[in-house]
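There are 2 protein chains.
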Amino acid sequence: MNKNIAILAGDGIGPEVTAEAVKALDAIAETFGYQFQYNDALIGAAAIDATGNPFPEATEESCKSADAILFGAIGDPKYDNDPNAKVRPEQGLLKMRKNLGLFANVRPVSSYDALLPISPLKENIIKGTDFVVFRELTGGIYFGEPRGRSEDGNTAFDSCVYSKSEIERIAHLAFKAAMNRRKKLTLVDKANVLATSRLWRETVKDLSSQYPEVELDFMFVDNAAMKIIQNPKDFDVVLTENMFGDIITDEASVISGSLGLLPSASLGLKSSLFEPIHGSYPQAAGKGIANPIGAILSAAMLLEYAFDLKEECQIIKDAVNSALNIGYGTEDIFPDEGKSTSEVGDFISQSIVNQYKTESV
Amino acid sequence: MNKNIAILAGDGIGPEVTAEAVKALDAIAETFGYQFQYNDALIGAAAIDATGNPFPEATEESCKSADAILFGAIGDPKYDNDPNAKVRPEQGLLKMRKNLGLFANVRPVSSYDALLPISPLKENIIKGTDFVVFRELTGGIYFGEPRGRSEDGNTAFDSCVYSKSEIERIAHLAFKAAMNRRKKLTLVDKANVLATSRLWRETVKDLSSQYPEVELDFMFVDNAAMKIIQNPKDFDVVLTENMFGDIITDEASVISGSLGLLPSASLGLKSSLFEPIHGSYPQAAGKGIANPIGAILSAAMLLEYAFDLKEECQIIKDAVNSALNIGYGTEDIFPDEGKSTSEVGDFISQSIVNQYKTESV
Ligand SMILES: [Mg+2]
Ligand SMILES: [Mg+2]
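Chains as they are written, first to last, in this note's numbering: chain A, 1 to 361; chain B, 1 to 361.
Mixed in with the good hints, there may be bad ones.
One copy or two, either will do: identical chains are not told apart, so a pair holds if it fits within one copy or between any two.
[Claimed, not checked] With a straight-line cut-off of 30 Å between C-alpha atoms, the simulated DSSO-like cross-links for lysine-lysine are:
1) K184 with K205
2) K317 with K122
3) K183 with K317
4) K23 with K227
5) K205 with K86
6) K227 with K287
7) K127 with K184
8) K357 with K270
9) K122 with K339
10) K227 with K339
11) K183 with K78
12) K78 with K205
13) K227 with K122
14) K184 with K3
15) K127 with K233
16) K78 with K227
17) K86 with K164
18) K339 with K23
19) K357 with K227
20) K176 with K95
21) K95 with K227
22) K184 with K227
23) K127 with K227
24) K233 with K122
25) K317 with K227
26) K64 with K287
Since the hints were made in silico from the structure, they are not lab data. All values reported here derive from a predicted model rather than from experimental measurement.
Same shape as in the complex, but just chain A (with noise of 0.2 Å):
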């Protein structure tokens, strides 16, 4: 297997999760004999800094032409903080997500059995979790049309629009996740209120027929918010719509006890971005102590979602998995005895290596 992986490490911590990432990749391709080739673009705040433009065309070249996308963060201090800055890093995310037509969010959500004690939630409820949502990225309220203000400035109005084609494409990836995992798919809206809930439940619906064997749902999303928290292990697969899809996946982000471990895929067409679901965070660049795991398992991701390698991926995560059993991470997960940046990716690496040697005896 010979790829090409667009690696877009951004800013903040960015550039450090992303490295031990690559380092994850690098031990899955030794073992196997893959060849990877990673081209590093520019993105963020990084990129105004070099071009003035937080997603310059040669990204766009370099991430148009790549089998997948590697990306770590984005977001800086001095422009954030700028009320005057005319661009912005995250521009070059939403230019990014719209240019190569990323419409389908994903993000698994999981428990971790040696993470059971930092979770707010408690063990019985959340032990043996192991659901992924996938959220409409590029459709709904966050981009409808009319959008503003009236003449006098005393009202405002946002408009939340769906087509029919927009909602069948992420069903069927949807549908697809589902028929791979425990066959179930939760279709979270506002049905009994909004129109565009009614066309998604009226399209996922009539979408059913081609999965006869996946179980299908429907949950108001106020409720659902209830029961993530209250029986998180009932999920499978759930798809939502945009706005509710940003509410619900990062209330579930706290299932696990720590943002630092959280991957994330968008998925197009033709291009596929992998990404821990944490920021830039600023503050802690360049100290060693950012959480690569979100990387890692991001790199993982990418393996089978664009890769469709799964064995492979399945190996990073219980490499992932033998680190946090021994205790072995960062300080945001283990405050007594936090490891580095480095150490962290050093140990998965050599476990990924390890554990095949071991598998295949």
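Position chain B with the ligands against the provided structure of chain A, taking the given hints into account.
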């Protein structure tokens, strides 16, 4: 003090739990020498059965001439499960809110020491939680126009609309509540994306100069959905728009461990209504197992918000606490030795009377 209270007991367990709330009000009236007149009126399925209308004119008159409204619950499977039903109990609720101008939904959230074991959250996270959410109830995307489908049926749209005056009237209530509490107000919005949220932020910021003692902060709704679970003790008064409020109030309701405990108020300029947040729970109706505490605490809120009787409100809350502290409650919260609905109501009323006697010695 001489007050008229409209009693809209409704369907399912509504009448049973409302009867216990009235016992608590009677205990207060007896103790303090007040006169409370109760006027029963029909609503929901009970009203459809009797009159064909889920919110009959006579009920509307009763509500409008009352000093406060005590509400039970509505909903009956006979109508809910009939897709051909032309009139539904829930229409009574929406019509009532609209005709009475109930624009602010108020939901207190607190933890009870005796119930820490039944919460899905860890004790150290929730112990001492005490906040209240003010949710705008008659505007936003649940009511905005235009809404519907394109002619070909392939596109659906909803509109979120807010005017400055809609925001101001509920913001004043929230600021005043904060003045009576720990003087902290958190506006939950999505101002980095939505035009309506930017109007909320601007309007609330402008009003804050009238409440200089209140510390105002802003939180994006996705972040709030995390923080409510991670640090619920950090909140005092939360103010938010209709849909965000729908989601985060239900999310926050899991903290106490049982929906059966939670009261709410819906406030307008001329009317105010008080109801437990639980539904009509028809499967439990008539069995004497419904938890009356949500209804009893709604009566306590009625005393505080409608009659400005803060001490009397606190006496009911203390009586509820004393029952919980000795493990006296229905089976949903004390599965091993659940008492009946009326036993719990009697116990609480009796302890209201006793408590005052003890205090006034
Ligand atoms: Mg978010
Ligand atoms: Mg709700």
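Checked against the structure, which of the hints given earlier come out wrong? 4, 8, 11, 14, 19 and 26
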